[in-house]
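Peer 1: Chains A, B, C and D are the protein sequences, given in the same order.
Per our numbering, the very first residue in the first sequence carries number 21; after that it's consecutive.
Per our numbering, the very first residue in the second sequence carries number 21; after that it's consecutive.
Per our numbering, the very first residue in the third sequence carries number 21; after that it's consecutive.
Per our numbering, the very first residue in the fourth sequence carries number 21; after that it's consecutive.
Simulated from the structure, these hints should not be mistaken for laboratory data.
We put the beta carbon where it would ideally sit given N, CA and C, even for glycine.
One or more of the hints may lead you astray.
[Claimed, not checked] Output of the computed footprint for chain C on chain D, the stretches with three or more beta carbons under 8 Å from beta carbons of chain C:
id: 1; region: 37-51
id: 2; region: 107-117
id: 3; region: 209-216
id: 4; region: 286-298
Spelled out from the first residue to the last, the chains are:
4 protein chains.
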Amino acid sequence: MPLTEEQQGEIAEARGHSAATLRPVVPALEARLHAPIPVLDHGLVRVVDYMGDDAAVVQAARVSYGAGTRTVRDDAGLIRYLMRHWHSTPFEMCEIKLHVKLPLFVARQWIRHRTASVNEISARYSVLDREFYIPAPEALAAQSATNRQGRGAVLEGDDAALVLALLKDGAARAYGDYEAMLDEEGPGLARELARMALPANIYTQWYWKTNLHNLMHFLRLRGDAHAQWEIRAYAEAIGEVVRDWVPLTWAAFEDYRLNAAQISGPGMAVLCRMLAGETVEREGSGLSAGEWRELMALIGRGG
Amino acid sequence: MPLTEEQQGEIAEARGHSAATLRPVVPALEARLHAPIPVLDHGLVRVVDYMGDDAAVVQAARVSYGAGTRTVRDDAGLIRYLMRHWHSTPFEMCEIKLHVKLPLFVARQWIRHRTASVNEISARYSVLDREFYIPAPEALAAQSATNRQGRGAVLEGDDAALVLALLKDGAARAYGDYEAMLDEEGPGLARELARMALPANIYTQWYWKTNLHNLMHFLRLRGDAHAQWEIRAYAEAIGEVVRDWVPLTWAAFEDYRLNAAQISGPGMAVLCRMLAGETVEREGSGLSAGEWRELMALIGRGG
Amino acid sequence: MPLTEEQQGEIAEARGHSAATLRPVVPALEARLHAPIPVLDHGLVRVVDYMGDDAAVVQAARVSYGAGTRTVRDDAGLIRYLMRHWHSTPFEMCEIKLHVKLPLFVARQWIRHRTASVNEISARYSVLDREFYIPAPEALAAQSATNRQGRGAVLEGDDAALVLALLKDGAARAYGDYEAMLDEEGPGLARELARMALPANIYTQWYWKTNLHNLMHFLRLRGDAHAQWEIRAYAEAIGEVVRDWVPLTWAAFEDYRLNAAQISGPGMAVLCRMLAGETVEREGSGLSAGEWRELMALIGRGG
Amino acid sequence: MPLTEEQQGEIAEARGHSAATLRPVVPALEARLHAPIPVLDHGLVRVVDYMGDDAAVVQAARVSYGAGTRTVRDDAGLIRYLMRHWHSTPFEMCEIKLHVKLPLFVARQWIRHRTASVNEISARYSVLDREFYIPAPEALAAQSATNRQGRGAVLEGDDAALVLALLKDGAARAYGDYEAMLDEEGPGLARELARMALPANIYTQWYWKTNLHNLMHFLRLRGDAHAQWEIRAYAEAIGEVVRDWVPLTWAAFEDYRLNAAQISGPGMAVLCRMLAGETVEREGSGLSAGEWRELMALIGRGG
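For reference, chain A alone in the conformation it holds in the complex:
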């Protein structure tokens, strides 16, 4: 149960108060406002506030590029043009604020995105709750033999059981130590010190606010197949939100970022030779083995 009673009360209260506004309103996002989207075993993402919509992107772009843009393109076409040509400032005109509950090791990856505003629960002020991320069996994977940062086969049998036991027992013991150190009848250790004992799968919470441009950058990197599975789960949940919020922008983002290919100069030369009917080998192509493999995968000739 990821939400405290107090938080549930706040959500009900927030969803109970509707008011009139002259600002842009996105009904599909209003339907999501304040309500938690579950992620992992105890985590969540919920939209707390937002500013702007697809039309706000268009409005900003039309200020920059002037009246001439009005006749030639409809909104969807303009947004696609902006995305294709790496225009970023119109997308900065939309803003979103999320409440996120996430394991500490995911928070450490997430916070590397510097262009956002964050208010995180402080373990100097508050005693953290006894909630830890314990992976589902299908997420317990072995170290990849070929990729230093990746996962290989899913663990089975005794191996999986051992890992789950170590994670659960370790978390329980660490939280027990935490409480023992904090105990006012005992050491009464300062909270800012006692939290040292807590492992990286404990859950933390924050408010996280960023603009649409930076959010898409986050989603591209953290939703990528190279990102750790746990942070991708958050990226996917947020992606669903963005799709509802700014559907035209999301469609352009899928075509020109998520599903797009970046092909190097030497890689394009290989493609052009292939298109001209030539059979091209890696030797002499100027590409390294890794580049060659990635390029062949892009054109469906991998493996």
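Let chain A serve as the given structure and place chains B, C and D on it in line with the hints.
Peer 2: Coordinates of chains B, C and D only, in the frame set by chain A:
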């Protein structure tokens, strides 16, 4: 007349569409939404969108500092505490988007604030309008003799008349040259080149979006007595907006920033000696002439 | 002659003082240090200071990715891998500081890059010099008929003569007005007001400091064929500097950014069908006319 | 012993290679380059690279404010003026790169400063070392009864012994679990998952690069009495480095930031009444209890 008919139509349309939202709503700011606030002779500021309110600042702070803060302080007290102790992230949780029309030389000072999103009308794409800032007589001041960046006495008589004539005639001639170079029956020069001829008092426009923390930093620097009078006029107009938007934050900002004094270590030593009844002279105080003068002004002993 | 005697003296002095350091040193960049590279008619770029080199990029990456990276890749290969996979922080470990003299309208485009530190000459404090950018004949181009932000054919004959006369005379008159308003025997107008009369082709100067990652982003956007020719002249000058400074990074930047193609998901589908021997028409491809044109150009089938 | 043999080798090699440069060189900082400064039980700070010096701050300020500044102030006076009047960009012209080894919970506070470049060792790629921060006895303090984020009395006797035992045993067990999960003969769990079990007092390492302005902001907040003692230890170590690097800037920073007082508008009114000889009570002063207490402390009337 600072607004085109098209813009007036957009404003009327924007103010004509009200919708329900579950987000925080600030009625006093809704009343201002989209409507232009005149600044200088042809400039304006208008609020296009906003996110959050005083309660959003409090909400974020309470996440960080935990339940313990709930009982001891009311919202106003918490906001004052945050401001006094330089906590910045809770104020980042509010965001505002402004449409601003301003002379180019003011835009050049403004853009130095890097933590904002901007979409400016592009003179590569559009032909700029024939609108120039011509100072009102009371704003036409001589160079200060004592302050290299300041203004002295207001110009009078022939001096004022000469300056006004030069500014008006110069702007008219420059705009005439601009049109002549653009003329499709004549040179048809590229817009991106023709705009070179336009002087720095021509008006430009942009959408400018920033968070409340960065906005207050802007207002402190650009509303200061050392800032150029023209940009201060914009800072004052925005200050009125902020007062309506987040009244508790604004009151704390006035007390702890706008009206606060920053006193150096040596300056505090002087004050403590004075409070102990000692007569202190600058000699031996460790303060430079400038610092001494500034300190005496702070305690009402200037001049 | 773009440098004052005082600046020449400073350069000679700076190049005359060599000292020993334990920091990374790049001999090819030392050879350039402090010496101005001419750009446009009166502009310049010169390297004032730098931090780091290709090895600093590698050093930072190896900290992140650990000892395992040491055996599998040499420095060039690692840098290419980082660039290909959009790793940015290792490139942030290098920093450069430039002194730039540039027309004000170029400065306005340049300053939109927010992730840099800037100290610009202030026309509130100083009287600007009488130096204006007057395009060379081959840079005087007509407005493009097909591209709203672009240039078309070079002007010739009377058209060119008219534009040059208007630019030169306009600048001369504006500077004369400026001096007349500043005249201490006359109005003695404040400098911060008098500068309003100066056109956008006057030269300004600044110190500009940024890291290698942000610099490459700047070079990609401002060295692009869509950027205004005048700022591209600066991007090209800086590109030469970067090539000398971090040659491995520059080579990877050329392959994976400058000469790379970004191809959308639908675009890749078209290419894969073509590679399979199919003749593909735009109808039914899912690409807009603009996207189709850009894709055909990438594979050498434009026109 | 905080440094691996490999790191020691790198340091010796780095300190063994001197080369000539035309850049500004600070001999007192060269003496420190690459050499580790111990912090806490296993932590360190070492300067890896730097750019600029006090003269670089002055050089940038003189560009902005022009020739007029040359005659009236010497370098120290100009730097004091810049600091007093909150000019930030000249201080951005200096840059420093540090290698830091620090406990993970300190890293989490540190990373909240967003205006820096960071490359941290990745526990996805590398197996972390068995090194944990175990506080010295004098750093083991009870939770403060009056300050929710502070420490009270130092623990003694059995309380201290219990806490130390829990921290040491907990770290040992957690690291044992980590190794057991990674064991290639056993589960061979992916490193990115196994690191979940590690507590927040494990050491991590990063390269951290920032400019002098942002560094001073960091030092002011993290060297403050309200900051956690462990991060203050790092701030103090870096403060010593900055003092050697830019002594004029450091002196101004001490006077106008570290030792300066920020006094609110109502607080200044109280001081002025006191200076006029009046006896002022909190009632009627307009100050809250907290503000009054802080003000009295500033003028040595606390307690």
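Peer 1: Next, verify each hint and record whether it holds.
Peer 2: Hint-by-hint comparison with the structure:
no. : hint    : verdict
1   : 37-51   : holds (count 10)
2   : 107-117 : holds (count 6)
3   : 209-216 : violated (count 0)
4   : 286-298 : violated (count 0)
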